[in-house]
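Visitor: Listed below, chain by chain, are the residues.
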Amino acid sequence: MIWVETLINGALLGGLYGLLGIGLALVFGVMRVVNIAHGEFMVLSAFCAVLLSNLFPQVSPLLMLIPVIALSFAVGWLYQAAIVNRVVTSPDPLSPLLLTFGVSVILRNVMVEIFGADVRSLQVGELSRASLEIAGLNIGIMPLLTLVLAALLFMALQLVLRHTEFGRIVRATADRRDIVRLSGVKPDRVYNYVMGLSLALGAIGGVLLAVRSGFTPFSGAERLLIAFEVVVLGGLGSFWGALLGGIALGMAQLIGLKIDPNAGLLYAHLLFFIMLLIRPSGLVSSRV
Amino acid sequence: MTLMPTRTILLACAIVLVAIIAGAPFVLNEGILRLATECLLLLTMAQMWNLLAGYAGLVSLGHQVFIAFGAYALFLTSGWLEVTPIWVLPVAPLVAAAVAAIIAFPLFRLRDAYFSIAMWVFAEIIGAFTMKSQAVGGTSGVPLATSKLIDFDWFEPTMFWLAGGLTLVTIAALYKMMTSSFGLGLMSVRDNDLAAMSVGVDVRHNRFIAFVLSAAGCGLAGALSFMGNLFIAPLAAFDVNWSVYMMFIVIIGGIGTLEGPILGVIIFFGLRELMTGPLGLSGGWYLVGLGIIAVVVMIVAPRGIWPALRDRLGVRLLDVHRAAPRPAAATILPGASERVTG
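Chains as they are written, first to last, in this note's numbering: chain F, 18 to 305; chain G, 516 to 857.
Mixed in with the good hints there might be a few duds.
Restraint ranges, calculated between C-beta atoms of paired labels, are given here [stated by the list, open to error]: (1) F:L95 <-> G:D668: 34 to 40 Å; (2) F:T23 <-> G:G680: 37 to 43 Å; (3) G:G594 <-> F:P108: 34 to 40 Å; (4) G:P793 <-> F:G133: 33 to 39 Å; (5) F:I276 <-> G:V542: 24 to 30 Å; (6) G:T791 <-> F:Q175: 37 to 43 Å; (7) F:G142 <-> G:K663: 55 to 61 Å; (8) F:I83 <-> G:A688: 42 to 48 Å; (9) F:P278 <-> G:F620: 28 to 34 Å; (10) G:R624 <-> F:F235: 57 to 63 Å; (11) F:M172 <-> G:P793: 43 to 49 Å.
These are calculated hints, taken from the structure and not from any lab test. Virtual Cβ for every residue (Gly too), placed ideally from N, Cα, C.
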């Protein structure tokens, strides 16, 4: 029974991991850039949420998600416009990688200097401890809500990309950056919105993860690695695959923690590495 | 320009450098000597990272794992055999190279950023296992068991000589390699892999060799670095900042050139001494400053400062290491480079 509970909790955590991965997958799918600073931006949004909830203690910290998401969108837009767009068309595929890695080092150390290296977390009071009892299984409300929210966001993103004009423009830009210009689309501007959207999704994941467990300015690397593993496990460019990948990683992590309490992310990393050996194309190999 | 004078200049420079390195410990005080050793070791690591990123087109964000493997291999073998650590130094590059040869199989299936981050995940996995394993000291690390066999009167100078020797040998070997057919093959893959394959360059094989050599060099430099501390702990050995340093040095100085990392190391340590010394700033702000320089360089001069300087001024001060980028053109069209730059 305890194992069933572990598996279910792993799946719920997986929803959150899927959220971490989807922002990275979106940027990669549209502009072929792996944004190494994604994890640091998530931690930054968690710091923003903590600051805001300290300023307004009477407001529920979960409502802080709304300003933090808006802020993250703006930051992403500016980050893309000011920095990433300058190398996105570089003939050398390594340029965006190195550039975003440089940005991640800057962000990490600025956060260390401003906020200090202490472990922080976002307190949501009763909600974090509340749980449901179904057939003798103890399931937390907060993780359940997270998984539902993740599934809704995945669906919404899918709908937006499939059926709206914005979605069509984004997909067209992803396919042929040079051709969309003929229809009056400015690829750089599309990229700005996509990066904004990516960091907004990252902010949701970052804040919800900060509710679940503590974080420091150094947590960005950990979050990036999880996000990356989710994307690769799910199969490059597949959104539902990312959710599945997240669930697999969440389960691996919690089963690992049951066997070995101070394992951290070791078992999630191991699962990723083993999958890389036996199925390098990912769990699901479809395209957006 | 014929080949003879270049070779003579190279030889003369090598002799002068050897003389400087041999004599330096008798002139410099211990603090400066330690700093110089650190510079030289980081320069070697940066050259090794550059071999992989600048010539083979593989960016590794997990190169700290080879530094750690080399260092742990040295500490453990020296403890088992109970001999002075210097005699077991060859173990470090061998272990790092062996590890690289094994993990190349799964990792080489991945391209570009996926290779980079998978390397990082690999380093995290090995780091986590090291912290769990009591046999290698767990999270608290291990001291150098045989440090009592070291002659401490000569320890700092010996470390400096080893680091200096390693740096010179590395640069000379890379220079030699880049003018050989193997190096030309590597660079042709970097510049246009399709064209390279069509003339029969074995891309995978070349990358594999570069990866293993790069790991071996980092293993040896890492072993020397931790031997100087007489202590190793997993948090320091598996620190992702090793990769950050190597990357920043190469990016700022000039990726894919042999002189670039030398310039990069000078900027790296110059900025560090300036910011943490007279300006009194913390290590965090130093990394922020270095990161900003790297990002600005990547946007303004994507190939790094050295190639930009070389093209703009037309000066080839550090000509000794050059000839690597286009040795064939110089022999086919003698004087062509003078015409272009003049």
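Visitor: Hint by hint, note whether the structure agrees.
Guide: Taking the hints in turn, this is what the structure says about them:
For L95 of chain F and D668 of chain G, the Cβ-Cβ distance of about 58 Å falls outside the hinted range of 34 to 40 Å, so the restraint is violated. Between T23 of chain F and G680 of chain G the beta carbon distance is about 55 Å. The supplied range of 37 to 43 Å is therefore violated. Checking the proposed 34 to 40 Å range against G594 of chain G and P108 of chain F shows it is violated: the Cβ atoms sit about 50 Å from each other. With their beta carbons about 25 Å apart, P793 of chain G and G133 of chain F fall outside the hinted range of 33 to 39 Å.
For I276 of chain F and V542 of chain G, the Cβ-Cβ distance of about 58 Å falls outside the hinted range of 24 to 30 Å, so the restraint is violated. Taking 37 to 43 Å as the suggested C-beta distance range, the pair T791 of chain G and Q175 of chain F does not conform, at roughly 50 Å. A C-beta distance of roughly 58 Å is found between G142 of chain F and K663 of chain G, which places it inside the suggested range of 55 to 61 Å. For I83 of chain F and A688 of chain G, the hinted distance range of 42 to 48 Å is not satisfied, since their beta carbons lie about 58 Å from each other.
Checked against the hint of 28 to 34 Å, the C-beta distance between P278 of chain F and F620 of chain G comes to roughly 33 Å, which is consistent with it. With their beta carbons about 30 Å apart, R624 of chain G and F235 of chain F fall outside the hinted range of 57 to 63 Å. Distance hint check for M172 of chain F and P793 of chain G: the Cβ-Cβ separation is about 57 Å, which falls outside the suggested range of 43 to 49 Å.
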